[in-house]
Amino acid sequence: MSLTVQELAGQLGARVEGGGEITIAGVRGIETAQAGDLTFLANVKYLPYLKTTQASAVILPPSGQRFRYDRSEIPSCIALLIHDNPYFAFLQALTLFHPPPSPPAPGIDPSARIGKNVTLAEGVYVGPSCVVEDDVALGESTTILANSFVGRGSKLGRQCMIGPLVTILYGSTLGDRVRIHPSTVIGSDGFGYAPEGGQHHKIPQVGGVTIGDDVEIGAGCTIDRATMGQTIIGRGTKIDNLVQIAHNVEIGEDCIIVSQVGISGSTKLGNRVTLAGQVGLIGHIELGDNVTVAAQSGVAKDIPANSFYFGSPAVDASRQKRILASVSSLPEHVKAIKRLERRIAELEARLAENK
Amino acid sequence: MSLTVQELAGQLGARVEGGGEITIAGVRGIETAQAGDLTFLANVKYLPYLKTTQASAVILPPSGQRFRYDRSEIPSCIALLIHDNPYFAFLQALTLFHPPPSPPAPGIDPSARIGKNVTLAEGVYVGPSCVVEDDVALGESTTILANSFVGRGSKLGRQCMIGPLVTILYGSTLGDRVRIHPSTVIGSDGFGYAPEGGQHHKIPQVGGVTIGDDVEIGAGCTIDRATMGQTIIGRGTKIDNLVQIAHNVEIGEDCIIVSQVGISGSTKLGNRVTLAGQVGLIGHIELGDNVTVAAQSGVAKDIPANSFYFGSPAVDASRQKRILASVSSLPEHVKAIKRLERRIAELEARLAENK
Amino acid sequence: MSLTVQELAGQLGARVEGGGEITIAGVRGIETAQAGDLTFLANVKYLPYLKTTQASAVILPPSGQRFRYDRSEIPSCIALLIHDNPYFAFLQALTLFHPPPSPPAPGIDPSARIGKNVTLAEGVYVGPSCVVEDDVALGESTTILANSFVGRGSKLGRQCMIGPLVTILYGSTLGDRVRIHPSTVIGSDGFGYAPEGGQHHKIPQVGGVTIGDDVEIGAGCTIDRATMGQTIIGRGTKIDNLVQIAHNVEIGEDCIIVSQVGISGSTKLGNRVTLAGQVGLIGHIELGDNVTVAAQSGVAKDIPANSFYFGSPAVDASRQKRILASVSSLPEHVKAIKRLERRIAELEARLAENK
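Residue numbers (my numbering), protein chains in the order written: chain H, 1 to 355; chain V, 1 to 355; chain F, 1 to 355.
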């Protein structure tokens, strides 16, 4: 497949600055791009590569919008495609040149086990050795790849992409276009016990999990069902690999939850919350809309909307930066204290003499 | 299903204070309960809800046991069930109204693969596409759900509930009533290599895993086999999701291991140890009975019995609280040091003048 | 099986000091060894056990090489096998007495699903309910255990040991003798989205994963495919359980990555890097050859070769030790500051009087 820069620009909604007739046959990052490739530049850090890249075309923001550049300093053989959101335009180009692998042709593999009263909409695929239990409903064009399990009474929307080797336990509800990667478990029991007589007695976990439209959940995640009620993942939220979501957690819309995060029971996240890698949240707290928590932070209290927190325990990031700066020079501060002590002792001694 | 408060109280071993004739049809948390619901109150924090809850009945401890309350301040239309352990009584009520889903009817699915010399006690269920290798023994009423694997020579006790998609590797021993959730792996190789000639040479992992009665292991956990001997999880211990237990670890009875904890090789835990989320323990250390370690702590040394530790590195919690309080105000302490320095310099200058 | 000490020494390349005729029937750690057992001693910490061990033979380094000992202080009934690398010699003895379980006899289980144009070299085994998609190549004597998935176009070398319940997604490349433990996922999508119109748009993940010879990957790991290009794990690298490797990460040769580590996108590791448990690395950084990072550290910057870093944020370990020592006594330093303040106030008061 190949397109001229002019044709590409049309498809991406970009404006061409020179080189509209150049033929593009592939897309690559600015460091590895070769002749015939389209690349992009969204971050000022990569600006120096503009002079050395082998790419034939570059998607750029208008000069002055994110950073300044001068057309005359860019090799004239490189076509420019000007776009307000170069990363998004590049994503679209990447999809053009690498269309996603087509899902398997609809059908139920003969080795799949389909229970009673299962609703299979048009275009559904269920792969080898999958188990779909009684009373499940699979929406139009939903794909369940090999060796996956969908427990009784679960409802999946349209165009979901599940598996292989995914476990969705009974009574789970998934919206449309939900993607779940391998080894992930939806609807495992919440972790709840009542102590009595020196032992831990299991609290029945009789709630469910509700996942909104356009949610993506990575590989190796565990999303527990609610004790009562629902564990909720809001529309458009994206979850990376090996993330733990405990019982009765409620996550808003369009959140970003990075790998190895753990969210304890009954904690609530607003919309557009970002949790970086390995963050831990205790239970029964609330994070407002647009909160960002930096990697490895431990959050033990509510966080108001629009805040950036970090550290363990997490505090406001600008405060935490000052604390960490002080900590990193603490050995010198301790020395300073000792020096002061000596000077004071000397002053005291002198003053005693003076008397 | 519905019961009068009086009938319920009989089943839970509670004493009724008013409203014994009220009909209860469900159970819910105090914030979401509706008319006809039973709820409970175990924590003084939720006491204010007693005046606003829509519940028809509340399980409470005797006034003065955990906190004080006055019957006259609680709406008289709400029945009270007095119980020394309200949470445990509520668990029992929850089980009454939401009996656990009955396991599949006994039998071996025709797509399951059963090896030679396998002992299947009465009431065993083995689901679709499971593999049960040679010389395995499954105790009475044990259930292995779809797509699970039980390696050769493994012995499972009675009423175990395994899977779906669980892997139990060869030579593992499980007691009675063990529950293992999806994507968990029992008996993976310990992580051991001997360096020689600049490369890492795998140390054969020839030991096993022994799991006691009434242990529950969450989803996505990894429990490694011992290099030699056994990795041991004691009776009644409960393990949350995504927990890593390394080779030759020994965990006592009735422990609580919260999500994303990692325990390194050969470390030993006593009985009733609690490790909160994301705690890491180095290898070859011992934690005594009744130790609690707070979330995200990193433990690098033995911890004596009955201690509460936290931090990374973890120290006694009361000490750690003082340290963290000092750290959180460190920028101000650093300023104080600088102020002192100026005052001393001034004193020194004045004293020099005085001479 | 049993061997004389002399015979064993021959096989291990060790020199015998007394007791060459003793018969050895097993191997065990120095604390648990019984009569008839061979054990080893590589660490001076265990030296006292030499006087109390029940073992019949001990592998030891030459006296003075790692530590000093005196033959006359060791019970003369214990045979000594002198070897420069006792741990490696012990590994070899362990392999002699506990040969690894032989893989299943070659063959394709009738319930396995083999796609079109699949190359199966001699000695390949594919277990029950495995799926091997179109255009896959499996090298000589490679074993795929039950319920595993190998996506289209993937190439596995010789003598690989995969599964059970492993997922290898499309287009992955594995070298020879690669071992992958259960519930691990190779080639899941990288976590990348471009924001536009307030929502997160998925960036197609069209790259692959390349794994070198002799790599071992534990249970429950997730290794993401590259956005473009390859995620790379170098020859001889060993990865423990529940490790997250993000898209476009490049790991060198002979690295050790301990359990629950997370490595963010595009980060590069040199050769012989060791990351201890629960370490987190941000994206787009580089760690040089022979770097070691201590447990729970968070790395946010490049680390030069041959360094030992720890802490969150990680700094040079000798510096971090001084910082942590200062932090651990911080409450006392704060008190010292307050004492100094009082003494200065007193000096100031006295000086005011003196005037």
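Do not rely on the hints blindly, as some may be mistaken.
What the hints assert, rightly or not - Quick look at which bits of chain V chain F covers, simulated, 3 or more residues with Cβ under 8 Å:
no. : stretch
1   : 178 to 190
2   : 310 to 316
3   : 337 to 348
Treat the hints as calculated values from the structure; they're not laboratory data. Even for Gly, the Cβ is constructed at its ideal location relative to N, Cα and C.
Okay, the hints, checked on the actual structure:
Beta-carbon proximity to chain F at under 8 Å applies to 5 residues in the stretch 178 to 190 of chain V; the threshold of 3 is reached and the given coverage holds. Coverage of the stretch 310 to 316 of chain V by chain F holds [criterion: at least 3 residues with CB-CB distance below 8 Å; count 3]. Only residues whose beta carbon comes within less than 8 Å of a beta carbon in chain F count, and the stretch 337 to 348 of chain V has 5; three or more means the coverage holds.
When held up to the earlier numbered hints, the structure conflicts with none and fits them all.
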